[in-house]
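Each chain is listed here by its residues.
Protein chains: 2
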Amino acid sequence: MNPSAIREILKLTELPGIISLAGGLPSALTFPVEAVREATARVLRDTPREALQYAASEGFGPLREWVAGEMARQGVAVSAAQVLITTGSQQGLDLVGKVLIDAGSRVAVESPTYLGALQAFVPYEPEFVSVACDDGGPLPDALATSAGARFLYALPNFQNPSGRSIDARRRADLARAAASAGVPIVEDNPYGDLWYDAPPPAPIASHWREGTIYLGSFSKVLAPGLRLGYAIAPDGVFAKLVQAKQAADLHTPGFNQRIVHEIVRSGFLDAHVPTIRSRYRVQRDAMQAALAAHLPTEGALACRWQMPGGGMFFWVELPEGVDSEALLVKAVARGVAFVPGAPFFAGAARANTLRLSFVTVDADAIERGIVALAAALRDLREEAAPPRAAKKASRRAEVAR
Amino acid sequence: MNPSAIREILKLTELPGIISLAGGLPSALTFPVEAVREATARVLRDTPREALQYAASEGFGPLREWVAGEMARQGVAVSAAQVLITTGSQQGLDLVGKVLIDAGSRVAVESPTYLGALQAFVPYEPEFVSVACDDGGPLPDALATSAGARFLYALPNFQNPSGRSIDARRRADLARAAASAGVPIVEDNPYGDLWYDAPPPAPIASHWREGTIYLGSFSKVLAPGLRLGYAIAPDGVFAKLVQAKQAADLHTPGFNQRIVHEIVRSGFLDAHVPTIRSRYRVQRDAMQAALAAHLPTEGALACRWQMPGGGMFFWVELPEGVDSEALLVKAVARGVAFVPGAPFFAGAARANTLRLSFVTVDADAIERGIVALAAALRDLREEAAPPRAAKKASRRAEVAR
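These protein sequences, in sequence, are chains A and B.
Taking the working numbering as reference, the numbering of the first sequence is continuous, increasing by one, and the terminal residue is 405.
Taking the working numbering as reference, the numbering of the second sequence is continuous, increasing by one, and the terminal residue is 405.
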């Protein structure tokens, strides 16, 4: 395994005075502290010893039931017996890798794709196949190139890092193409609830239930520090995932599962998630406005981006030849951090891309961060093409040597 | 991966009316519910948003410091920077497997060894080498047979399943032999605090710090449902373990880490752990007394066992030729469950062995459970050697066919 880009990035965001548009940290203001406090008190009053004891690897029954109900609301009919509670949805990726990947197996991914998924799969030594994508996600026709792959990993809602979504029609087409190519789909959906314009279409799993492993998370709608996610899988794969789960950590903390169930059981999220949406919508709009006001869209430094309909990220394409890692050095000097795009590509990396998070800091800081980013871009250009006088001085120095 | 014996066993223990001497479930009466309640309230009062946010993969700094201090008390000098907080010590085993095992790598294990470790390692496709053991653990001279192994996995204190311990002298000899064979040691210590006669000697890690990965756990001294353990490793391996940890679940729940730190920081365990020891010592003594009173130690059904000095388990050897899985069927019919010994062997399994836990049920239930076990053993013998009349009837039936 290679050193982790995410890790190095998170260190940058911790520097004092840096505006972080880098990590995908949810705003801590969205965490329902009072609800966690009440739920925890109830769990420790009513079932303390059950919550503190070893528990089933599959997860806490009532929480699995709740997830199955939630999936039904989204148009995916599953039973609680197909729901595996995981230690964050990152663990779902690890378990999928452990169960489905052998060394040398082909694994199809979007281009770009979620860096944490690449990191979860890499230890199992797959051969990645990047599926051709456009602004609407993977091209169904391109799936033919991934025949024989163990699975296609896709993030259909407000993708990390690109922000793009797959529409209803392409979801159906992708499911059909994948079924025809015999390639199961691993559908990762951490951001589906974070929509700001219109709710997303039904999951790919609704089109191909028996061929899809679906991953969900409580990190973005409640709090990531509880580390709670879930995986939904067809029966045969499910049994293998449970075994892998047991080998990985026996079970997800029962204490946390009971607290979260206590919170969600009475419909808390129906009122809470809209408040997160409202906050993030404002921040998304602030970032869109700041980008439009400060980043060049014409000329030698023209940048390109699309406003995402939800999620946490803008994906910016810099002019060809501009390396976003070099830009990051200038940006940090100007007091802003982002994530360079290259690590999100499994195949040929596009070094002129970068990811901006709009959920961690408020609208004011977003505006200041984008102003700093635009200044860093100018700094980088000036260094690449130094002013005439400086060039002359440099030539003189050469002659003198 | 094959179906999990542990899973199937845990199902048996859930049958109504069964006395479970099977799973290693700590007594829920030992869980410090009030301390958890107070600590949780403090965490949610003082640092709620930090506790609910994403956190560093290495773990919560103050808890890592506490663990380093605890190791120093045991004679192992480590810095907090070498402590990785894991989602239970089971995850430590998974991460060690992921980092150190390639397909076909040799991995040396005790005979018998902890089943959960075998399950954690198997997905990485090692070739297991069982090191010859006596009642005092692995024989240092036998380590020569494991030259080239990626590591020796050893559980020196009150081993699961055998209950045996490695004494101070053999720890030193093992460290020397392993260093000489170039085989690192993975030292697993979930039970070290659960001693009932005398505290265990210093860890193997104290003899060979740079060649040992040490795994510890809060499951047995606080509560397993919080899923908190730790791994301590030399620098090079540590960096790889952190990467593997990040890919596995990003980090262990910060909420749980802060609660446990809040509990242990002021020396709570110094008063609490002795209460666990007192309870379990009574139960161990009850099991020893019941075994001595009810299991035959002479004749055709002679059984052999040693009283463990700590931990959670007795290991019983039945007469050669008696299969403990067949005995389990009879035992469940009599209302008691245990774990057959065969799955604990990486190599040639000794089918005439079984593991009994004395921590889950109280002394009365232990006594009744052992009475039922002895009855089941007689049932099995009677079936194997049916009384004369039954034999005659059976012969007549054959003739009649």
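Simulated from the structure, these hints should not be mistaken for lab results.
There's no promise every hint is true.
As the list claims (entries may be wrong) - Some chain A residues judged to face chain B by a derived CB distance under 7 Å, without partners named:
hint, residue
1, Glu38
2, Ala39
3, Arg41
4, Glu42
5, Ala43
6, Arg46
7, Thr51
8, Gln123
9, Leu230
10, Arg231
11, Phe242
12, Val333
What the hints assert, rightly or not - With a cut-off of at most 20 Å between alpha-carbon atoms, the simulated DMTMM-like pairs for lysine to aspartate or glutamate come out as follows:
hint, chain 1, residue 1, chain 2, residue 2
13, B, Lys334, B, Asp289
14, B, Lys334, B, Glu324
15, A, Lys15, A, Glu329
16, B, Lys244, A, Glu129
17, A, Lys334, A, Asp274
18, B, Lys244, B, Asp274
19, B, Lys15, B, Glu214
20, A, Lys15, B, Asp239
21, A, Lys15, B, Glu386
22, B, Lys15, A, Glu386
23, A, Lys244, A, Glu214
24, B, Lys334, B, Asp274
25, A, Lys244, B, Glu371
26, B, Lys15, A, Glu129
27, A, Lys244, A, Glu129
28, A, Lys334, A, Asp289
29, A, Lys334, A, Glu321
30, B, Lys244, B, Asp106
Claimed, not checked - Derived CB-CB ranges, DEER-like:
hint, chain 1, residue 1, chain 2, residue 2, range
31, B, Asp106, A, Ser83, 47 to 53 Å
32, A, Asp139, B, Gly271, 58 to 64 Å
33, B, Asp366, A, Ala275, 54 to 60 Å
34, B, Glu69, A, Leu33, 40 to 46 Å
35, B, Ser83, A, Pro323, 54 to 60 Å
36, A, Arg372, B, Ala206, 30 to 36 Å
37, B, Asp239, A, Val37, 54 to 60 Å
38, A, Val333, B, Asp145, 52 to 58 Å
39, A, Gln310, B, Gly271, 42 to 48 Å
For each residue, glycine too, the CB sits at the ideal point set by N, CA and C.
For this session: Could you tell me which of the hints above the structure violates, numbers in ascending order?
Result: Violated hints (numbers, rising): 1, 2, 4, 5, 6, 7, 11, 12, 13, 17, 18, 19, 21, 22, 24, 25, 26, 28, 31, 33, 34, 35, 36, 37 and 39; every other hint is consistent with the structure.
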